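Peer 1: Put the two chains together into one complex; each comes in its own frame, and the hints tell you how they fit.
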Amino acid sequence: MSTNLPKSFTALEPLAEAWGLPTQDARQAKRRGSSTAELQEFYDAIVPLLPQLLSHVDEFPLGELPPDSLRLYYMSLALAEIAPHIELYRGDPNVPHSFEEERFIAVNGQQSG
Amino acid sequence: MTESSQHRWAEKYPELGQGPIAVESCISEDYYQREVEQIFKTSWLYVAREEEIAEPGSYKVKRLAFADTSVIVMRGKDGVVRGFHNICSHRGNTVVTETGEETFGHSKAAILSCRFHGWVYGADGALIQVPEEERFYSCFKKKENSLEAIHTEVWAGFVFINLAAEPEQNLHNFLGDYGTHMGDYPYSDLTHSYKYHTTLDCNWKIAHDSFAEAYHVTTIHAGSFPNVFSTGLSDVQLFGPHRTCAVCLNMSAEPKPVAALAQKHGRGSLVAKGGSAMLPPTINPSGREDFAFELSVAFPNLFLHISEGIWFTHQFWPLSTGRTLWEGKYYVRAPRTNSERWALEHAQLLQRNAWLEDTQTMENTHRAIASGAKKFMNLQDEEILIRHAYHVIEKRMTAVE
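Sequence order for the protein chains is A and B. For the record, in the first sequence the residue sitting at position 83 is 83 according to our numbering, with numbers rising by one throughout. For the record, in the second sequence the residue sitting at position 81 is 1081 according to our numbering, with numbers rising by one throughout.
Isolated chain B (complex conformation) (with noise of 0.2 Å):
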């Protein structure tokens, strides 16, 4: 594999093959159906930081729309964080009323108290008290009658749930190589953030394909990122059903007036040429003056990127077939000025506007797709990580099947 080759991805992962990719699995229900039960009923999902749940007793509510429930992680006073569904063993209630797609809460004594009728829960899913308990008959027994776990694991201070009775891997095998890789970032020191989330009217996939390649800089943020990204990537890397690559700058972008005096101010912006005491030695092997961030995915449903001073995270919830709910979360250094606050909004809100530029083609795509009109999309060599997808898709199906 040489730089100058236009084929060097695929010269390198040659079992992924060159040919066109069948767009039915973007609009098949039955395909949906089978992603759903084979692919994110049994993997490994993120689904909160470790800091928004950081004191016994703190919990989350994620709703997990494709498997019909909501997951509540806590941790409890012994400090161990544990994944239950939201619901009561009386009559099926959720336990902690949700006002959205996630929902935050706090027990000082570490506990759950339904709201219905009152049944408490320790944080580790235990039923403790009843109301009126001896009017229910001989045969209820509260030690039968804990929350339902959801096995719950942490990497990295990413809490990761799977729904599956018995998961086929523990978290780190699952992760492996990948965990190896991008594990050691200082995630946790940087805790300013700024969160967006829609509801897309797309596949999943289409989603998730939209934001792995780099190929599309030059037309669609010709607005937000002109002349700063290169449409090629750098250091590709298959772990499993995991990948990696680094997105590099295009170094002749000069930045405008406002942009060049917050990115004086503070480091929240990936158009400026960032340093790498931060980045874990398995960053950027090739040691490219022009790195400007990594763009990983860990599979399905996360994407998640490292910069020096900036991380960030895409994620992709399937609610059906053709609708999507999108996340994307910004993470910088909390600022210790108010000169420093200033840069980071500026720099999150020209990222906020990168992200509309993405999301707009989304719906568009699924609907042209959805006409039946063209069978297959065709991948050039920079889109490796989307063809990777659909490999790994595939193969997990068929693996089943």
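So that you can see chain A by itself, here it is in the shape it has in the complex (with noise of 0.2 Å):
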């Protein structure tokens, strides 16, 4: 799988393959497998460019984004899915304190985007 992202973001391609999911339910498993340290390392590399990244995304129109910026826009809605656990759970890669999340079903979590 290519790796590439726009020119912007070069630096985060070495996170690109293991967060550039293209489903909810992937993203949702990645941050459950994941380590607090990897959380943590996702979240300080990606957070400074987000700006920048959704910036660089409202280029185009919505769903029509070229290959390597549709890798970099799953890679913010994956940064969607871990940022409560950094910045509200004390880098737990589960919610604390919740049901079982294998149990709770996306009907939508497996479709793109």
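Honestly, the hints are just simulated from the structure, not real lab data. All of these numbers come straight from a predicted model, not from anything done at the bench. Wrong hints could be hidden among the right ones.
Computed list of lysine-lysine pairs in PhoX-like fashion (alpha-carbon distance at most 25 Å, straight line) [unchecked claim]: (1) Lys1041(B) - Lys1256(B); (2) Lys1195(B) - Lys1143(B); (3) Lys1329(B) - Lys30(A); (4) Lys1143(B) - Lys1108(B); (5) Lys30(A) - Lys1108(B); (6) Lys30(A) - Lys1256(B).
Peer 2: Following this line, the structure appears as structure tokens:
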């Protein structure tokens, strides 16, 4: 799989294969299978670039991102998945004191985007 | 009634009483059977949004396990939505092959064809074609073998069904002032949805109760919503069997970096203060600045919440005394940009996590109640919606007997 990202975001390429995942289910599974250190590493790497990233994806119409930008966009959606775990749950890869996540079915969890 | 009263809702609704509530109704097989017969089989139940079956010939099949049936709701070429039991008049196969709790389909010709032997029905339920019809006997009449109709009516784009042979009230009268209170909201404009479901090993009322108060937010949502919502309710109103209130923000919460960016790029989270342009004039009558969302319950099993740019539902479908299908559906305006789409994803995932926190207690509560060690639950004043629910259920069942 290519891990190319748009020019201004090449610093994130080492994380692209792990976090550039197309579906909500895949991003959720990745988060649950990661350590606190891995979540923190991804968070620390991408958050400083986030304002720039959101401007970049808005150079394209909704849902019409070229492959490199789409990969980057999937990484931003993975950040949406893990951000509460860094910002609210002290790095816990699971939602603390929660119902069993694997029993919670996301109806559209396998759709890309 | 004053804001300072600690018992303001009991003072407003003295008929509900203040005593403890017996928990037997959550674990009794007999009580459950009576709830099914006297409430679920005779009440109007929300089963589909009109947008889900927008085109003529579009249909949705929804399982109604408590009644051992499934309803097909289908839009005809005349635009009318009708409901039928999903059972063929031939030998009782399902007409539409279901793929789960909810099954969607579309027929350009607005017909339903049973896969078993190819019997064809119109969107009005009429049996219109039987292969090898001449081999049936003279006693067989097509016009006597339509699909079995289920009473189906629409309010504010919500399709409701009623399994009673003759419902006591039409949907409009059943919803009454609740319908007026919640009806004038642009539900159909907010179509970007996130849907989750799970089966919970608990009675449906335990699931209902867990979502029907804000007392739990400081403990249960210490993770996802720290210092976000007030534990007290605002503007509680009871409308016959239905109920509503407002949940308010605790304005002291400061968003973290990613959450702050998400709030800037899209309106998708209840955590941020929204406007009131979409809200009906009936909502937030106190004009509170810290209003977050309206939390309402349409009896018996629909939670409907509205906020600026966001509406969402919970439904609790009884499967047995100790099993419940929970469905959570969250709707926001369709994003126009990729960054807005990202912001909505962030909002929804945080909401999903909050629902994971909400559902955490339910099975434990049921298991503990089933021990029989405690016979009653104790409710405080801000748990008035729960008190009302038990009051209404008890009244319904007594009225029937």
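Peer 1: Each hint: holds or not?
Peer 2: Tested hints:
For the suggested pair lysine 1041(B) and lysine 1256(B), the alpha carbons sit about 47 Å apart, so the restraint of at most 25 Å is broken. For the suggested pair lysine 1195(B) and lysine 1143(B), the alpha carbons sit about 40 Å apart, so the restraint of at most 25 Å is broken. With a CA separation close to 24 Å, the supplied pair lysine 1329(B) and lysine 30(A) stays within the 25 Å bound. A distance of roughly 23 Å separates the Cα atoms of lysine 1143(B) and lysine 1108(B); the hinted pair therefore holds under the 25 Å criterion.
With a C-alpha separation of about 41 Å, the suggested pairing of lysine 30(A) with lysine 1108(B) is violated against the 25 Å cut-off. For the hint linking lysine 30(A) to lysine 1256(B), the alpha-carbon distance of about 22 Å falls within 25 Å, and the restraint holds.
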